[in-house]
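Asks: Based on the sequences and whatever the hints tell you, model everything.
Read off the chains here:
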Amino acid sequence: MSDTSRQSDDFEAAAKGSPEQVAEFEDHHRGFMGTVQHFLHVNPSLVPLIVLVAAILIFGALLGAKFFSPFALTLILQQVQIVGIVAAAQSLVILTAGIDLSVGAIMVMSSVVMGQFTFRYGLPPAVAILCGLAIGTAIGAVNGFLVSRVKLPPFIVTLGMWQIVLAANFLYSQNETIRSQEIEANAPILQLFGAKFNVGGAVFTVGVIFMLVLILVLAYALRHTAWGRHVYAVGDDPEAAELSGVNVHRTLMSVYMLSGLICAFAGWALIGRIGSVSPTSGQLANIESITAVVIGGISLFGGRGSILGSLFGALIVGVFTLGLRLLGADAQWTFLLIGMLIIAAVAVDQWIRKVAA
Amino acid sequence: MEPILKGRNLVKRYGRVTALDHCDFDLMPGEILAVIGDNGAGKSTLIKAVSGAVAPDEGEIWLEGRKVDFHSPIDAREAGIETVYQTLAMSPALSITDNMFMGREIRRKGPLGSVFRMLDRPAMEKFARDKLNELGLMTIQNINQAVETLSGGQRQGVAVARAAAFGSKVIILDEPTAALGVKESRRVLDLIQDVKSRGIPIILISHNMPHVFEVADRIHVHRLGKRLCVIDPKDYTMSDAVAFMTGAKEPPEQDRAA
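Protein chains in written order, with my numbering: chain A, 1 to 357; chain B, 1 to 258.
Be careful, since some hints might not be right.
Partial list, derived from the structure: chain A residues whose beta carbon lies under 7 Å from chain B [to be verified]:
hint, residue
1, K66
2, R120
3, G122
4, P124
5, H224
6, Y232
7, A240
8, S244
9, G245
Going by beta-carbon spacing under 7 Å, a handful of chain B positions derived as facing chain A [as the list claims (entries may be wrong)]:
hint, residue
10, P73
11, I74
12, D75
13, A79
14, S91
15, E105
16, K109
Now the stretches of chain B that chain A is said to cover, found in silico as 3 or more residues with beta-carbon under 8 Å [as the list claims (entries may be wrong)]:
hint, segment
17, 83–90
18, 93–104
19, 117–126
For the record, the hints were derived by calculation from the structure and aren't laboratory data.
C-beta: ideal position from N, C-alpha, C; glycine also.
Replies: This is the structure in structure tokens:
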């Protein structure tokens, strides 16, 4: 042993004379683009915010007061409220490196349960609403269980759940719409989220306020509570999270259940938005919510991004839709531009990630 | 003397592969026990069994004379066993502070903490900075930088600091110097001695024989899923140890494990 150990001492001794100074990381070599890249790495929701502000300014310059009025700008908020709420749910799931294709179906199912429980079984509307919220949470719990315990890929689980819930929704509701006047007369609380109030030309609805408060509360929870840090850790690397002491199962269950609950709230908001309870409504919520999340800069690989980005993403889509319509352009231009934005957003995401390498 | 951590008859099978074959394990209080063995000998499985990352199919584990039954690393951690895994088990996108406190975050005092569940960032950052300074392993400018922006050695340092900061009974280090340069390895070895001087026993898994022979009090040689022998590094050479673990040489009768 003595031989080898002396040798080992030797090679370390050889390093003793080396300078003790630790490598200094000056930012000179980084350059302008490098600085931008680093800054975006730290603040991932900044890109969609810049795009949003730029879009508002450009449309404002092109359209003037027609667009740049409190009324038009708050109209955008009203138009994106459903997508915004659903995108909040979608963001949570995508942050855990999952995807929830059943958000739209859960939303419609919950709204149908709220309506049918009130009008078919004569339950008090408030109880029917609680039932709807419970159903949404329960469907989310099934998703969460299949993903976390049975270890099925989230894409498959929620693809299946989408079909199941949507079919159940049509079977249960017998494809029957509950008309707006009926709801207004007998159960106005179902339309609560549609209630409007005016602040100097700006029109807000309860649904808009709910969306904004929801996003702010979730942003707080994700950044400043242990639960939020666990959501990111699970999305980043579930194995590492488990080994470093995170209860991955409980975190995933909480995320999917919360996602279901938020979608059920979106169902309630949907009744407020369209007035009636219609089992065929909200079919685009899946794609629109994923679009908002991706444009908002949340990585589909999980663990990166900010939920505020999803709100900005939803608003960007809203601004483009209204702006192009006011310009008199064909609606297809909106989709074309949104498509380009999606690809650009993912390209930017990949670029920002390179900072890690 | 009663071992602080004791494993008896541990068996773990993965399908038709037997990773642990009626293996015994003893860690004495205050010692540094090195575990060496060839690739595939079952070292990692043994370590995962005592750190709660896998549940053995058979066998029993005692900590301080009490039988323990770990179902997850969280159980082992609550019992005072901290592990630095070879993969480091860190979330690259999260900050150093977040990683150090993952799963044991500190909340604010008062209603901010109890009602709003707000994390006490200042306290967590101070603690993390103190621990890293204590270690002197690196100069990190910003305690809130993402772990993925650190070099391999710095990441290792954060992982070791995390274990050293929270491990109260046993610290397990899986290949702690594998990713490090000469000087950084030296710091980690010094840290190991430092932790030992505080009375906390360490299990060290390593392929680096000079490091093993330098710090270990006893060496557990693992071969074909079980403990072949436990040797004293003062009585044998590194070549002997390598010969035992590869099967080139029969272990001495008096050190042979039952």
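Asks: A separate judgement is required for each hint: does it hold in the structure or not?
Replies: Hints, verified against the model:
This hint is violated: A/K66 has a C-beta 42 Å from the nearest C-beta of chain B, more than the 7 Å allowed. Taken as an interface hint, A/R120 does not check out: its beta carbon lies about 39 Å from the nearest beta carbon of chain B, beyond 7 Å. About 38 Å separates the beta-carbon of A/G122 from the nearest beta-carbon of chain B, more than 7 Å, and the hint is not met. Because the beta carbon of A/P124 sits about 30 Å from the nearest beta carbon in chain B, more than 7 Å, this interface hint is broken.
This hint holds: A/H224 has a C-beta 5 Å from the nearest C-beta of chain B, less than the 7 Å allowed. The closest approach between the C-beta of A/Y232 and any C-beta of chain B is roughly 6 Å, which is under the 7 Å cut-off, so the hint is satisfied. Taking 7 Å as the C-beta cut-off, the interface hint given for A/A240 holds, the closest approach to chain B being about 4 Å. Annotation: A/S244 was flagged as interfacial toward chain B, and the flag holds, the nearest CB pair being 4 Å apart, inside 7 Å.
This hint holds: A/G245 has a C-beta 3 Å from the nearest C-beta of chain B, less than the 7 Å allowed. A least Cβ separation of about 5 Å between B/P73 and chain A falls short of the 7 Å threshold, and the interface hint therefore holds. For B/I74, the suggested interface contact is upheld, since its CB lies about 5 Å from the closest CB of chain A, less than 7 Å. Proximity of B/D75 to chain A is violated relative to the hint, the smallest CB-CB distance being about 10 Å (cut-off 7 Å).
This hint is violated: B/A79 has a C-beta 12 Å from the nearest C-beta of chain A, more than the 7 Å allowed. For the restraint placing B/S91 at the interface with chain A, the shortest Cβ-Cβ distance is roughly 4 Å, inside the 7 Å limit, so the hint holds. A cut of 7 Å between beta carbons decides the hint on B/E105: the least distance to chain A is about 4 Å, and the hint holds. Of the supplied interface hints, the one on B/K109 is violated, with its beta-carbon coming no nearer than about 15 Å to a beta-carbon of chain A, more than 7 Å.
With 6 residues carrying a beta carbon less than 8 Å from a beta carbon of chain A, the segment 83–90 of chain B meets the three-residue requirement, and the given coverage holds. Counting residues of the segment 93–104 of chain B whose CB lies closer than 8 Å to any CB of chain A gives 7, so the stated coverage by that chain holds, three being the minimum. A count of 4 residues in the segment 117–126 of chain B with a Cβ less than 8 Å from any Cβ of chain A is obtained; the coverage claim is therefore met, three being the minimum.
The structure does not agree with the numbered hints 1, 2, 3, 4, 12, 13 and 16 stated previously, though it agrees with the rest.
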